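Okay, here's what each chain looks like letter by letter:
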Amino acid sequence: MIEISGLTVRYGGKIAVDHVDLTVQDGEKIILMGPNGSGKTTILKAILGLVPYEGHVKIDGEEIVKLSRREIARRVAYVPQIFYTPYTFSVREFVSMGLYSVVRDWLSADGVVDRAIMRVGLSDLREKSVNTLSGGELQKAVIARALVQNSRYILMDEPTAHLDIGAVKDVLDIVRSMEDRGVILVSHEVHPLNRIDGTLILLNRGRVVYRGNKRDPEMEEKLRDVFGVRVNDANGALQFDLS
Amino acid sequence: MKSRGYIFTFFLVLLTFANTVISLYIGPVHIPIPVILENIYRTLIRADPNWTVSTIIFYVRMPRIILAVLIGMILAISGLVTQTIFRNPLGDPYLTGVSSGAALGAAIGFLISPFLVPFLAFFFAMLAVGISFLISRSGGEIRAEILILAGISVSFLFSAVASYLIYLKEYNLRGVLFWLLGGLYGATWSEVYYIFIAVLIAIPVILAFRKELDIMLMGDEQAKSLGVDTGKVKTVTLLVTSLVTSLAVSFVGIIGFIGLVSPHIGRKIVGESHAMLAIVAPLIGANLLLVSDTIARSTPQGEIPVGIITAFIGSPVLIYLLFRRRRM
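Residue numbers (our numbering), protein chains in the order written: chain A, 1 to 243; chain C, 1 to 328.
By construction, these hints were calculated from the structure, which means they are not laboratory data.
Remember, it's a predicted structure, so these values are computed and weren't measured experimentally.
No residue lacks a Cβ here, since even glycine has one placed at the ideal position from N, Cα and C.
One side only, chain C facing chain A, incomplete, derived with CB under 7 Å: (1) GLN222; (2) LYS224; (3) GLY227.
Straight line, CA to CA, 27 Å or less: simulated DSS-like cross-link-like pairs of lysine-lysine: (4) LYS232(C) / LYS58(A); (5) LYS211(C) / LYS232(C); (6) LYS128(A) / LYS169(A); (7) LYS66(A) / LYS232(C); (8) LYS128(A) / LYS268(C); (9) LYS58(A) / LYS14(A); (10) LYS66(A) / LYS211(C); (11) LYS128(A) / LYS211(C); (12) LYS169(A) / LYS214(A); (13) LYS268(C) / LYS211(C); (14) LYS14(A) / LYS66(A); (15) LYS14(A) / LYS222(A); (16) LYS169(A) / LYS222(A).
Excised from the complex, chain A in its bound form:
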């Protein structure tokens, strides 16, 4: 279980995350939403031990700052926002990097890598260079890299940003299929809410302003308050109304 209590992160004198409490159970899906600058990515970075923080961030009962990089990587995988990478590593080599914290010999784990590549639907591209992939393909390769890390939790930073709607569906379906893994998915779109059965946590100016998993008028109202845009419920699917 990931347990966060009283998490506060400051950049210089500015508070980016303000006394946030959050828990993620095994297999649970958390959708972390909020406008730009609301502290979503900073919470992920605190869980990964990438930023100094006040309060507590514990994974399986152990404070994150007491764990080595390798130990953190064995427990939590990260899917960052990557739109392009200039390097010529093949998809297989790129995905193999996820094994760094798991096994010493990358070559002996080829089966694991191939299975992860197949799971995200990139089998045909496994020998292609990552610098030739489209945005959606690269995002899937990053997810495959996180899958081979074999951690119980995966943190995803806007995995559907800048993707066409078909690729958005593919990525969210992959997340949905990770039944055994706890996921925190950061987004400022409503697509994850429509595709994934999880808990919404809404952030505004570093604070949690709503948490719940029922698609009801209260959730719609809170989304409208935070983003300043009306939310419609079209046959059970939420969408921002920009008209």
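On the provided structure of chain A, position chain C as indicated by the hints.
Relative to chain A, chain C alone:
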């Protein structure tokens, strides 16, 4: 890419041998290649050498050639590490202040006694690197972006002091200038011995960190999230390469372009994987410096500093690579 890497490595090893034989042949005293090969055999196997030929081969040309090969390797592996850690294609081994530190040490050496030049060059090169490292440490980790600026700042300071000393002792200007542009003249077997040990340390250390360096190309944040102790990797690899570069500079002065260009050529052929690049880039560096030095010591004007030749060869190669990147 991997099989291409093995083939290219094999080709580079052959090329190094071929260049070595050609370099042994080139010099003011004409010795035909069959005589050279026969004398190497007579000296090493039969212990019955032609002393005149043997002296030229084993005490004049060979230490210089082997030193060129080894120094080329050191500059290339150091350039590779610098470019990876800083994620900067313009990274070269001197980025952390090695060259200006060595220049100041050399200037002081020429002021006191030329005998002290290598020792002081090494000492001041390491001093410059040490100051840059100290400035850039934050939260127990070297911050690459600060290290670049620290290296530049320290370089300016050390260069200013070196220039002032050179200005004061104008009559020594030619000696310092010749040293600054680099040269392998007067190479000895003891220098070869020390640099050989440096190569034996540097390349295996970098190879040991090959996976970490591959992952660090993705940036610090991704590398850390994948479990890489980026602080340790940066400290160990930069410290080792700075140390061996300082040693190389203290023996042969500041030779530019080899460290900058060799990793780029290597990447074009075998890709970014450090398992291959940490072997291929040094072999390219070895050949580039060996060819440059052979040209430098056989110009019609006599010997010229090798740095002039490496710049002549290196800058067009770099411009070509930049043009290719622009077209991509």
